Amino acid sequence: MTETSASEKGFAFERRIQYVLEEIKYNLEDGWTFEIKGEQEIRDHFKEQSLNGVDHMIQIKKPDGEQHVFLLQEKWKLLTNQREVSQFLDCCARILARMPEYTGKIHRLWVSRTVPSANGEKSLQEGQCIVVQTCTSQTLLAINAALMICEILGRRDLAIHLIESIGSLLPSKEEAIADPKNTFEPVSDFGEKRVLPITNKTVVMVKKIDSTF
Numbered sequence: 004m005t006e007t008s009a010s011e012k013g014f015a016f017e018r019r020i021q022y023v024l025e026e027i028k029y030n031l032e033d034g035w036t037f038e039i040k041g042e043q044e045i046r047d048h049f050k051e052q053s054l055n056g057v058d059h060m061i062q063i064k065k066p067d068g069e070q071h072v073f074l075l076q077e078k079w080k081l082l083t084n085q086r087e088v089s090q091f092l093d094c095c096a097r098i099l100a101r102m103p104e105y106t107g108k109i110h111r112l113w114v115s116r117t118v119p120s121a122n123g124e125k126s127l128q129e130g131q132c133i134v135v136q137t138c139t140s141q142t143l144l145a146i147n148a149a150l151m152i153c154e155i156l157g158r159r160d161l162a163i164h165l166i167e168s169i170g171s172l173l174p175s176k177e178e179a180i181a182d183p184k185n186t187f188e189p190v191s192d193f194g195e196k197r198v199l200p201i202t203n204k205t206v207v208m209v210k211k212i213d214s215t216f
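Using the working numbering, the first residue of the sequence shown is number 4, and each one after it goes up by one.
Read the hints as simulated data drawn from the structure, not as lab findings.
It is possible that some hints are incorrect.
[As the list claims (entries may be wrong)] DSS-like mimics (lysine-lysine), calculated; alpha carbons at most 25 angstroms apart, straight line:
no.: 1; residue 1: K40; residue 2: K64
no.: 2; residue 1: K12; residue 2: K65
no.: 3; residue 1: K80; residue 2: K40
All figures in this text were calculated on a predicted structure; none of them were measured in a lab.
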């Protein structure tokens, strides 16, 4: 049986992040603005395809007018390096340079399975980044990132709804949300097939199926 590739796990993790962000948005009251953009949507929005390094951008406006921008880099891999950190910080700077009229708060989140290297950690500190890290499971790491966003917004209560909406936090029991753009066969972290219904409570670990037509 073929093991799920690192890139597939990385894309699956980005979809987990998207899921938990949508859950936060879903539970906000009227009067909030909560816009989520993935990596390609960021490029399209700024009309610049070379903006590589930020996986999600969240633009938030509270009912009282307070504004926040969150820039996330999401890494589900065993090792990260200084180049990846530099690419993230550079992309953040390039995005913000395209928002000259924005005067709200800015938050950079490095969301990673493992701790950054010594040099990477120093660069993240200098860039005023928040490091969110756990290697337990993709689901737990995604939730931790979402909890940090809730904390910054002063809305811990949103975390209650978020945790209730998620399935198991155990790595061996993570379920699949299929990528709507592709055909996938759900698998667990350990490679065995899992034939499970796709519901609004499932979270992602996927393996692409090669099809011949």
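Against the structure, the hints come out as follows:
1. Of the supplied pair hints, the one linking K40 and K64 holds, its CA atoms being roughly 15 angstroms apart against a limit of 25 angstroms.
2. Among the hinted pairs, K12 with K65 is inconsistent with the structure: their alpha-carbon atoms are about 34 angstroms apart, more than 25 angstroms.
3. A threshold of 25 angstroms between alpha carbons decides the hint, and for K80 with K40 the separation of about 22 angstroms falls inside it, so the pair holds.
Hint compliance for this structure: hint 2 alone is broken.
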